[in-house]
Amino acid sequence: AAGVIQSPRHLIKEKRETATLKCYPIPRHDTVYWYQQGPGQDPQFLISFYEKMQSDKGSIPDRFSAQQFSDYHSELNMSSLELGDSALYFCASSLGLQEGNIQYFGAGTRLSVL
Amino acid sequence: AQKVTQAQTEISVVEKEDVTLDCVYETRDTTYYLFWYKQPPSGELVFLIRRNSFDEQNEISGRYSWNFQKSTSSFNFTITASQVVDSAVYFCALDGATNKLIFGTGTLLAVQP
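Top line first, the protein sequences correspond to chains A and B.
Taking this note's numbering, the leading residue of the first sequence gets 1, the next gets one more, and so forth.
Taking this note's numbering, the leading residue of the second sequence gets 1001, the next gets one more, and so forth.
Pulled out of the complex, with its shape left as it was, chain B reads as follows (with noise of 0.2 Å):
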């Protein structure tokens, strides 16, 4: 079975500060993609970023980065320098040899200003 967790309900954070948004995934497969999206309140689903099974490097997009690591199942995502636009609902998905994604419960995040 396909299973992502996302512990953090809710994280609160201020303006400025770095943030951690944790995934832990389980699959079978040994071919996989991992995604993060962001759901603002606005309602829409947005891209962030991916990465595939076979690709443990981590990396730095501007203010985002993450940290794959197959060994602990976890795909974490960092914000760098919070802001307030950051504010939203963020989901970790993974997509095995199904084909579909299936999402953690997502972690709502709010940047104070």
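If we strip away everything but chain A, and leave its shape as in the complex, we get (with noise of 0.2 Å):
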């Protein structure tokens, strides 16, 4: 079965530079979700998107904006990249109610802000 395609796997980026990390959800899904994960810490929730509009925001700094396109992909933008940016960004695709709300994750992306 399809799942959450993300890329790329690995992004290594200077200070103040800026990022975009892809996401494609699994085909069907129509929530996508996008989380950081830092060294040795739980997933924290970012944003997320429902139809292409947002539908929710987490502590996800000014710096970073995200979108999701009429294919149903997501991009997750970051600029002015600082050390402690350095994470594992997951995006995760959901059919909502239709399916218990089973939040199913790509492999996510490794980010390290040099």
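None of these hints come from the bench; they were simulated from the model.
From the three backbone atoms N, C-alpha and C, an ideal C-beta is built for every residue, glycine too.
Be a bit skeptical, because a hint or two may be false.
As the list claims (entries may be wrong) - Below 27 Å or equal to it, Euclidean Cα-Cα: the simulated DSS-like pairs (lysine-lysine) are: (1) B:Lys-1003 to B:Lys-1070; (2) A:Lys-22 to B:Lys-1038; (3) A:Lys-22 to A:Lys-57; (4) A:Lys-57 to B:Lys-1038; (5) A:Lys-57 to B:Lys-1016.
To be verified - Computed far set for chain B versus chain A, every beta-carbon distance over 10 Å: (6) Val-1024; (7) Ser-1061; (8) Arg-1063; (9) Lys-1070; (10) Gly-1106.
Since each chain comes alone in its own frame, lean on the hints to assemble the complex.
Below you can see the structure in the form of structure tokens.
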């Protein structure tokens, strides 16, 4: 079965650079979520989209923005990168209540800011 | 406020032992979902099990079983006859009215051969 696809898997950036992370949800899934997992920590919710509209926002820095496109893929844009942005970034998708709100996660993008 | 507590930071067992991972949650929502996810050393997050707040029936799925008790706000997860491949960090998570996952801090399970 198709899973959530994230690219790139690894990304190395310098401080103050920008980064774009991409997410391709499971086909037919209408909701996309982004989470950030720092080293040794649990994943923290950043932002979500339902049917291409932003549905909820967590503790996402103003330097970050995200959107969901007409083909349902989503991109997380990160500007003015800081050392503290180094983390594993997960995208998840779901069918909402149709499937018991189960969120399926991609393999993640490991961002290292030097 | 919503909160998930996994008091066990690390657990070490020998292969074939049974192991139970504890999870206690807090929520004011009347409808909510509880999940267990597995994060192996490779880093991905793998969905394991889900339970909604209206269904306290406990189930067994292969070597996995779970015990959901609303009276104590607990959602414990048991692996029977553990294997080395079960070594991972296990996260308990809560999804309430906000429709986003609140994770516990995770339990690192090490299964020794």
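Hint by hint, here is what the structure shows:
1. B:Lys-1003 to B:Lys-1070: 15 Å, holds
2. A:Lys-22 to B:Lys-1038: Roughly 23 Å separates the two Cα atoms, so the pair holds.
3. A:Lys-22 to A:Lys-57: 18 Å, holds
4. A:Lys-57 to B:Lys-1038: 25 Å, holds
5. A:Lys-57 to B:Lys-1016: Violated. Lys-57 (chain A) to Lys-1016 (chain B) sits at ~43 Å, over the 27 Å cutoff.
6. Val-1024: The claim stands: Val-1024 (chain B) keeps its Cβ more than 10 Å from every Cβ of chain A (closest is about 15 Å).
7. Ser-1061: 14 Å, holds
8. Arg-1063: Fine: 20 Å to the nearest Cβ keeps Arg-1063 (chain B) off the interface.
9. Lys-1070: 17 Å, holds
10. Gly-1106: Violated, because the least Cβ-Cβ distance between Gly-1106 (chain B) and chain A comes to about 6 Å, which does not exceed 10 Å.
Violated hints, listed in ascending order, are 5 and 10; each of the other numbered hints is respected by the structure.
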